[in-house]
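Colleague: Sequence:
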Amino acid sequence: MELRAHRFKSAVRAALADPDLQEAMADNRRFAAHVRRQVAASGGFRSLRDQAKAIKDHTLAHLDHYLEAYEAAASRRGVQVHWAATPEDAQARVVEICRSAGARRIIKGKTMIGEEMGINAALARAGLQRVETDLGEYILQLADEPPSHINGPAIHKTLRQVQALFHQHHQALGRTHYLQDPAELLAEARRLLRDRFLDADVGITGANFLIAEDGRHVLVTNEGNGDLASLLPRVRIVLASIEKVLPSLADAGTHLQLLALSATGQPLTSYTSFYGGPLDDGPEECHVVLLDNGRSEMLAGAFRPMLRCIRCAACMDNCPVYNWVGGHAYGWIYPGPMGSVWTPNLTHLEGTRDLPNACTLNGRCKEVCPMQIPLPDMLRELRNRQWQWRLVPATTRWGLRLWAALARRPRLYRAATALLARLMKRASGNRGYLRHLPLAGNWTATRDMPAPQGATFQQRWKQRKQADT
Numbered sequence: 001m002e003l004r005a006h007r008f009k010s011a012v013r014a015a016l017a018d019p020d021l022q023e024a025m026a027d028n029r030r031f032a033a034h035v036r037r038q039v040a041a042s043g044g045f046r047s048l049r050d051q052a053k054a055i056k057d058h059t060l061a062h063l064d065h066y067l068e069a070y071e072a073a074a075s076r077r078g079v080q081v082h083w084a085a086t087p088e089d090a091q092a093r094v095v096e097i098c099r100s101a102g103a104r105r106i107i108k109g110k111t112m113i114g115e116e117m118g119i120n121a122a123l124a125r126a127g128l129q130r131v132e133t134d135l136g137e138y139i140l141q142l143a144d145e146p147p148s149h150i151n152g153p154a155i156h157k158t159l160r161q162v163q164a165l166f167h168q169h170h171q172a173l174g175r176t177h178y179l180q181d182p183a184e185l186l187a188e189a190r191r192l193l194r195d196r197f198l199d200a201d202v203g204i205t206g207a208n209f210l211i212a213e214d215g216r217h218v219l220v221t222n223e224g225n226g227d228l229a230s231l232l233p234r235v236r237i238v239l240a241s242i243e244k245v246l247p248s249l250a251d252a253g254t255h256l257q258l259l260a261l262s263a264t265g266q267p268l269t270s271y272t273s274f275y276g277g278p279l280d281d282g283p284e285e286c287h288v289v290l291l292d293n294g295r296s297e298m299l300a301g302a303f304r305p306m307l308r309c310i311r312c313a314a315c316m317d318n319c320p321v322y323n324w325v326g327g328h329a330y331g332w333i334y335p336g337p338m339g340s341v342w343t344p345n346l347t348h349l350e351g352t353r354d355l356p357n358a359c360t361l362n363g364r365c366k367e368v369c370p371m372q373i374p375l376p377d378m379l380r381e382l383r384n385r386q387w388q389w390r391l392v393p394a395t396t397r398w399g400l401r402l403w404a405a406l407a408r409r410p411r412l413y414r415a416a417t418a419l420l421a422r423l424m425k426r427a428s429g430n431r432g433y434l435r436h437l438p439l440a441g442n443w444t445a446t447r448d449m450p451a452p453q454g455a456t457f458q459q460r461w462k463q464r465k466q467a468d469t
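Note that the UniProt record's numbering has the sequence shown beginning at 1, numbered continuously upward.
These aren't lab readings, by the way, just hints derived from the structure by calculation.
Within a straight-line C-alpha distance of at most 16 Å, the following computed EDC-like cross-link-like pairs (lysine to aspartate or glutamate) qualify:
| hint | residue 1 | residue 2 |
| --- | --- | --- |
| 1 | Lys53 | Glu367 |
| 2 | Lys425 | Asp448 |
| 3 | Lys366 | Asp50 |
| 4 | Lys9 | Asp354 |
Restraint ranges, calculated between C-beta atoms of paired labels, are given here:
| hint | residue 1 | residue 2 | range |
| --- | --- | --- | --- |
| 5 | Glu68 | Ala17 | 47 to 57 Å |
| 6 | Gly363 | Ser248 | 30 to 40 Å |
| 7 | His436 | Asp144 | 32 to 42 Å |
| 8 | Trp389 | Gln51 | 37 to 47 Å |
| 9 | Arg125 | His177 | 31 to 41 Å |
| 10 | Gly363 | Lys465 | 29 to 39 Å |
| 11 | Thr396 | Arg234 | 50 to 60 Å |
Keep in mind the model is a prediction, meaning the values are calculated, not measured.
For every residue, glycine included, the Cβ atom is placed at its ideal position computed from N, Cα and C.
Could you put together the complete structure from these sequences and hints?
Modeller: Structure (structure tokens):
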């Protein structure tokens, strides 16, 4: 997916003006409220996340050891493990495996790491036919769009839009009327996809966790397509990133409970599968492609806690920014608060400078994160780096310097704020508010700013102290 984070502001304006998107995001806000209620009623959530955080911190501290252990254990099961430093390395490896297998048809499950690798475009360039089997991803394949949510990729689509897509692309069925019932749409998709499952030569899926002690990989879905894509084709390709490894099956159990509860409010996802390799009655070939793509650098720096992320999407589902602008506005694979940290680290800060500032710093994302990732702290660190690298606009830099100079001189600060308050009150006239304010266009672009009605805070405080004495 092409990086378009530099268009964030224009994308936000378009998103807020899109009635279909706003209808879809309202549904997501209701779903997020449901998940919060389930988490609150679950009991033991805090204890469970403390356990998971401790496990993940230990794993990251010994990541090289557990990755080597996973590779050795997976190899004993007949799995071929491939290391990819960059998305381009991963693309080349996947295309090579498909060509070596003589693949004609490829089925694919939902995988955000696959999106990060750019696998879809690589397969298309190689002339390899791909069919998405996750319902949301299938809808997006018909629409030729990227995901807007890491768990519900087509969450931005309304029922009307899906009905139109199916009517447009399913002409071969001979149906002339629009399907109205979501159950009918689902049945039609199942009917079309079943033949694809049976005819496929290669199945590509992601992995939620990799188990170091026995070389298995874990995949969770609520549709069952992951099992079909993993078990029916003669060649299986698993796409994962290096931080997905966990020491043991017991550790995976802890994380699976947290993932399901935080993502959907379920005690466990409908399908939770543990896969081995060809030596475990699996496909003829099994390949695991492990992506680094900057994670080693993150491991050694201030953004290491981000590697605890289990992709539950709780942060974005509870983010007041994401819940109005949707995922496409963020301009890359990962949206929401997690994306505002992941994207600058996995790409570059220069072209993603708006993302760390797409946050009110309300702290909600940190509160709901099951892995206790300090997202607001990392967003502040990215803002600090923008300042240090002179990526902040000159007007903002001069404005902050002026404020700092005044703040270091209390008398001058009080005099300046008193003068500004009088000027703002005069400029507001009889309205009591300001429609435009120089150097504060972002505040007044969509709202009116109340004008000061009297003395400044410092003046009122001084009057109160005098009255008390």
